[in-house]
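Asks: Construct the complete structure from the given sequences, taking the supplied hints into account.
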Amino acid sequence: MSNNQKSFWTPGNVLTAFILAGGLVLTFLRFYKGIGAVTNLDDNNPWGIWIGFDLMCGVALAAGGYVTSASCYLFGLKRYHSAVRPAITTAFLGYFFVVVALMYDLGHPWRLPYPLVYSQGTTSLLFEVGLCVATYVTVLFVEWSPAALEWLGFRKIRNFVIRLTLPLTILGVVLSTMHQSSLGALFLIAPGKLHPLWYSSFLPVFFFMSSMVAGASMVIFEGTLAHKGMHDKMDETHLKEADGVAFGMAKAASFILLGYFFIKVFDITMDNDWQYLATGYGAWFLVEMFGFVALPSFLYALGVREKNLKLVRIASVFGVLGIVINRFNVSMIAFNWQLPAAERYFPSWMEVGISIFVVTLIVTTYRFIATKMPVLYEHPEYKDAH
Amino acid sequence: MDRRKFLSLLGGAGLASAMGATKVKAAGTHTFNGYPDAMGVLHDSTRCIGCRKCEQACAEVNNLPKPEVAYDDLTVLDTKRRTDAKTYTVVNKYNTAGLDHPIFRKQQCNHCQEPACASACFVKAFTKNPDGSVTYNGDLCVGCRYCMVACPFGVPTFEYDDPLDPLVQKCTMCHPRIQEGKLPGCVEKCPKEALTFGRREDLLAIARDRIRKYPERYENHIYGEKEAGGTSWLYLSAVPHTELGMPLVGKTSAPELTSGALGAVPMVVGIWPVLLAGAYGISKRKEKIAAEEQADAVREAIDKTKADADNAMKTALDKAAKDKAAAVDREVKKAVAEAQQSFDEKLAAMQAPAEAEDTDAGNSPEEEA
Numbered sequence: 001m002s003n004n005q006k007s008f009w010t011p012g013n014v015l016t017a018f019i020l021a022g023g024l025v026l027t028f029l030r031f032y033k034g035i036g037a038v039t040n041l042d043d044n045n046p047w048g049i050w051i052g053f054d055l056m057c058g059v060a061l062a063a064g065g066y067v068t069s070a071s072c073y074l075f076g077l078k079r080y081h082s083a084v085r086p087a088i089t090t091a092f093l094g095y096f097f098v099v100v101a102l103m104y105d106l107g108h109p110w111r112l113p114y115p116l117v118y119s120q121g122t123t124s125l126l127f128e129v130g131l132c133v134a135t136y137v138t139v140l141f142v143e144w145s146p147a148a149l150e151w152l153g154f155r156k157i158r159n160f161v162i163r164l165t166l167p168l169t170i171l172g173v174v175l176s177t178m179h180q181s182s183l184g185a186l187f188l189i190a191p192g193k194l195h196p197l198w199y200s201s202f203l204p205v206f207f208f209m210s211s212m213v214a215g216a217s218m219v220i221f222e223g224t225l226a227h228k229g230m231h232d233k234m235d236e237t238h239l240k241e242a243d244g245v246a247f248g249m250a251k252a253a254s255f256i257l258l259g260y261f262f263i264k265v266f267d268i269t270m271d272n273d274w275q276y277l278a279t280g281y282g283a284w285f286l287v288e289m290f291g292f293v294a295l296p297s298f299l300y301a302l303g304v305r306e307k308n309l310k311l312v313r314i315a316s317v318f319g320v321l322g323i324v325i326n327r328f329n330v331s332m333i334a335f336n337w338q339l340p341a342a343e344r345y346f347p348s349w350m351e352v353g354i355s356i357f358v359v360t361l362i363v364t365t366y367r368f369i370a371t372k373m374p375v376l377y378e379h380p381e382y383k384d385a386h
Numbered sequence: 001m002d003r004r005k006f007l008s009l010l011g012g013a014g015l016a017s018a019m020g021a022t023k024v025k026a027a028g029t030h031t032f033n034g035y036p037d038a039m040g041v042l043h044d045s046t047r048c049i050g051c052r053k054c055e056q057a058c059a060e061v062n063n064l065p066k067p068e069v070a071y072d073d074l075t076v077l078d079t080k081r082r083t084d085a086k087t088y089t090v091v092n093k094y095n096t097a098g099l100d101h102p103i104f105r106k107q108q109c110n111h112c113q114e115p116a117c118a119s120a121c122f123v124k125a126f127t128k129n130p131d132g133s134v135t136y137n138g139d140l141c142v143g144c145r146y147c148m149v150a151c152p153f154g155v156p157t158f159e160y161d162d163p164l165d166p167l168v169q170k171c172t173m174c175h176p177r178i179q180e181g182k183l184p185g186c187v188e189k190c191p192k193e194a195l196t197f198g199r200r201e202d203l204l205a206i207a208r209d210r211i212r213k214y215p216e217r218y219e220n221h222i223y224g225e226k227e228a229g230g231t232s233w234l235y236l237s238a239v240p241h242t243e244l245g246m247p248l249v250g251k252t253s254a255p256e257l258t259s260g261a262l263g264a265v266p267m268v269v270g271i272w273p274v275l276l277a278g279a280y281g282i283s284k285r286k287e288k289i290a291a292e293e294q295a296d297a298v299r300e301a302i303d304k305t306k307a308d309a310d311n312a313m314k315t316a317l318d319k320a321a322k323d324k325a326a327a328v329d330r331e332v333k334k335a336v337a338e339a340q341q342s343f344d345e346k347l348a349a350m351q352a353p354a355e356a357e358d359t360d361a362g363n364s365p366e367e368e369a
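Quick note, the sequences are listed as chains A and B, same order.
Using this note's numbering, the first residue of the first sequence is number 1, and each one after it goes up by one.
Using this note's numbering, the first residue of the second sequence is number 1, and each one after it goes up by one.
Hints are not guaranteed to be accurate.
[What the hints assert, rightly or not] Rough simulated footprint, nothing fancy, chain A against chain B, three-plus residues with beta-carbon under 8 Å:
{"#": "1", "segment": "141–153"}
{"#": "2", "segment": "251–257"}
{"#": "3", "segment": "263–276"}
[As the list claims (entries may be wrong)] Below 25 Å or equal to it, Euclidean Cα-Cα: the simulated DSS-like pairs (lysine-lysine) are:
{"#": "4", "chain 1": "B", "residue 1": "K284", "chain 2": "A", "residue 2": "K78"}
{"#": "5", "chain 1": "B", "residue 1": "K86", "chain 2": "A", "residue 2": "K33"}
{"#": "6", "chain 1": "B", "residue 1": "K288", "chain 2": "A", "residue 2": "K78"}
{"#": "7", "chain 1": "B", "residue 1": "K286", "chain 2": "A", "residue 2": "K251"}
{"#": "8", "chain 1": "B", "residue 1": "K182", "chain 2": "B", "residue 2": "K53"}
{"#": "9", "chain 1": "B", "residue 1": "K284", "chain 2": "A", "residue 2": "K251"}
{"#": "10", "chain 1": "B", "residue 1": "K284", "chain 2": "A", "residue 2": "K240"}
{"#": "11", "chain 1": "A", "residue 1": "K33", "chain 2": "B", "residue 2": "K66"}
{"#": "12", "chain 1": "B", "residue 1": "K53", "chain 2": "B", "residue 2": "K192"}
{"#": "13", "chain 1": "B", "residue 1": "K286", "chain 2": "A", "residue 2": "K78"}
{"#": "14", "chain 1": "A", "residue 1": "K78", "chain 2": "A", "residue 2": "K310"}
FYI, nobody ran anything at the bench for these hints, they're computed from the structure.
Even glycine gets a Cβ: it sits at the ideal position worked out from N, Cα and C.
Replies: See the structure below:
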């Protein structure tokens with residue numbers, strides 16, 4: 001590897017080390033002094049960016065795992081095969097670190113298994129989210145494990161796991177459908193707090209549908225980053241298929257975004273929320289709908305038609321940002337909209353710091369895995385069913 | 001978990017589903033109207049003078065720390081306050097248009113008939129008790145604060161500054177005191193009878209009675225009768241309740257808001273695998289058919305090529321045979337022609353002298369040919 005000749009202290013690695021060190025200090029503060037010492041959360045605003053970004057966006061943006069594996073294994077789109085492993089790796093890391101980030105937000109993090117094993121609150125949508133995420137992170141771990149097993153040379157277990165691919169993929173889609181939608185359904189219980197333009201009895205459908213866009217956009221966006229940073233790790237198949245994957249995902253995302261746009265319009269119509277469009281929140285809603293739903297849908301379509309990879313990649317940035325904006329709106333910006341400005345939430349720099357810390361952990365772990373394990377290339381000894 | 005416990009759990013699950021089966025029959029028409037003997041408190045803000053005695057009593061019976069501003073200092077009423085982890089109830093002052101005096105309104109947990117907090121809690125830390133109170137068990141709490149998101153009244157508070165055992169705190173309607181036959185602390189201390197404790201049903205009757213007797217004094221709306229599916233605390237007011245900072249909440253209870261989404265879960269579990277396995281089957285079958293079609297096409301192509309080749313060969317052979325025959329024919333004709341010619345020549349040669357002498361052997365060359 002050419003990395004060995006270069007110094008370890010590249011600018012990227014220095015920045016990573018700096019963030020990780022800062023994150024450890026903040027982690028200490030959080031657990032030594034309590035949630036109140038590092039966050040701007042209060043009794044009116046119980047959920048901040050650790051839920052709104054780390055959990056809501058983390059789970060949505062990790063949807064690439066089920067989107068890609070379902071396309072390849074269930075819908076027979078074999079040309080996405082080389083994209084499955086990177087997507088599953090990202091999804092597994094995404095979910096794993098969602099759980100890690102949750103530890104910061106929970107008052108009693110060590111009680112996280114309680115809803116599963118000790119006292120099941122089955123009337124809660126959060127129970128469903130918890131059950132599904134716990135199961136899915138396990139499924140993703142198993143789906144991802146062949147990469148590690150090939151690296152370690154455990155051929156027999158690896159071959160056994162490969163045979164589980166189909167049922168695991170189906171289970172993955174079932175679990176993803178449920179918890180992606182349930183994250184939206186969490187807010188069904190608070191119609192008085194969430195702005196009418198975002199509150200809808202179809203919130204679960206909106207969240208599920210947009211998670212597919214998030215997954216597809218993230219596969220493209222992440223591919224762009226991976227090609228910049230880890231090009232030398234990619235094998236011929238991966239490189240040959242990469243453009244096709246991007247265009248395929250772009251086409252799917254374009255259609256889904258279009259459908260999403262229309263069901264949002266139908267929803268506004270059914271609830272007769274048109275009068276809100278003339279307000280400040282209405283303007284912001286229109287920014288979300290046109291700038292981050294309609295625009296990426298159009299850019300994706302144009303990019304696919306013109307076979308313009310650059311355009312598709314730009315569209316994916318809008319797609320990813322659109323998901324972040326939507327989840328922020330539902331969980332924070334349009335939530336508690338009736339409270340006076342002084343009682344509204346804005347994250348503290350330490351909350352932002354922890355979120356950056358967690359994202360850095362994901363990226364660093366991904367880089368480690370993609371460097372050591374057969375993720376972006378096929379292991380020469382296991383060409384069969386990668 | 002030992003074997004006995006496991007088996008009893010299994011048995012319990014079986015029993016529960018059997019009981020569920022009998023309940024299902026009535027599910028379509030079944031509604032939950034709260035526990036029949038649920039107690040509650042009626043707060044009549046036309047009687048409240050904002051003396052903060054209820055706040056003081058609450059802190060005393062719940063062993064809460066003393067506030068920064070003493071209870072007899074009423075200047076705190078000038079700023080809007082809310083409950084927090086050390087204060088389960090607060091009284092706020094509202095200056096409303098058209099009235100020459102301020103209105104005071106007490107806030108605390110409303111103890112819903114079907115509490116959003118209990119519905120939202122994923123470890124069942126909240127309980128709606130038969131006495132009407134909603135209580136919380138901190139030993140189960142994971143600290144996710146979804147109850148705070150869910151509560152339409154913004155009641156539950158959290159001990160953000162406790163790193164080890166941060167708990168949700170809220171009014172318990174003095175559940176322990178009610179169990180002892182005592183009044184809730186705030187009700188007991190109220191000097192103006194602005195708070196009335198009793199069975200919720202009775203309180204509703206009292207409230208309606210007051211509205212009927214003094215229609216000019218009250219808004220014809222008992223806040224809490226229907227709000228969020230009904231609450232144990234009920235409010236009477238001279239002005240619309242929203243002017244006293246009461247949130248506008250619908251009549252739908254929390255479980256009704258979420259039951260649709262929860263009900264979809266088993267459907268997803270049941271239907272998705274069928275659809276997905278179907279999609280897999282279709283894509284597999286497409287592949288198989290494509291492979292078969294390809295094989296067929298290849299076979300056909302081979303057959304056709306072979307047939308074409310045979311035809312070409314046959315044509316070639318026929319042509320060759322024909323050519324050969326034609327060639328033989330031609331050769332024969334040529335030979336005949338040549339023979340004729342040579343005969344003619346010879347004949348001519350022979351005739352030339354014979355004209356002069358003898359014509360005896362005239363027929364013999366013709367027979368040779």
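Asks: When you check the alpha-carbon spacing of K286/B and K78/A, does it fall within 25 Å?
Replies: Holds: K286/B and K78/A sit about 13 Å apart, inside 25 Å.
Asks: Can you confirm whether the C-alpha distance between K284/B and K240/A stays at or below 25 Å?
Replies: Holds, at about 24 Å.
Asks: Given the proposed pairing of K86/B with K33/A, does the C-alpha separation stay at or below 25 Å?
Replies: At roughly 18 Å apart (the allowed maximum being 25 Å), K33/A and K86/B satisfy the hint.
Asks: Compare the distance between the alpha carbons of K286/B and K251/A with 25 Å, and conclude whether the hinted pair is satisfied.
Replies: This hinted pair holds, its Cα atoms lying about 22 Å apart.
Asks: Does the alpha-carbon distance linking K182/B and K53/B stay inside the 25 Å limit?
Replies: OK: K182/B and K53/B at ~17 Å, within 25 Å.
Asks: Can you confirm whether the C-alpha distance between K284/B and K251/A stays at or below 25 Å?
Replies: It holds: about 23 Å lies between the C-alpha atoms, which stays within 25 Å.
Asks: Check the hint pairing K33/A with K66/B against an upper bound of 25 Å on the C-alpha distance.
Replies: Holds: K33/A and K66/B sit about 23 Å apart, inside 25 Å.
Asks: Between the alpha carbons of K78/A and K310/A, is the straight-line distance 25 Å or under?
Replies: Holds - the C-alpha atoms of K310/A and K78/A are around 24 Å apart, at most 25 Å.
Asks: Check, residue by residue, whether the segment 251–257 of chain B contains three or more positions whose beta-carbon lies closer than 8 Å to a beta-carbon of chain A, and give the verdict.
Replies: holds (count 4)
Asks: Does the structure keep K53/B and K192/B at a Cα separation of 25 Å or less?
Replies: holds (10 Å)
Asks: Verify this for me: three or more residues of the segment 141–153 of chain B with a beta carbon less than 8 Å from a beta carbon of chain A.
Replies: Holds, because 10 residues of the segment 141–153 of chain B bring their Cβ atoms closer than 8 Å to Cβ atoms of chain A.
Asks: Between K284/B and K78/A, is the straight-line Cα distance small enough, at 25 Å or below?
Replies: Between K284/B and K78/A the Cα gap is close to 11 Å, so the pair holds against 25 Å.
When held up to the earlier numbered hints, the structure conflicts with none and fits them all.
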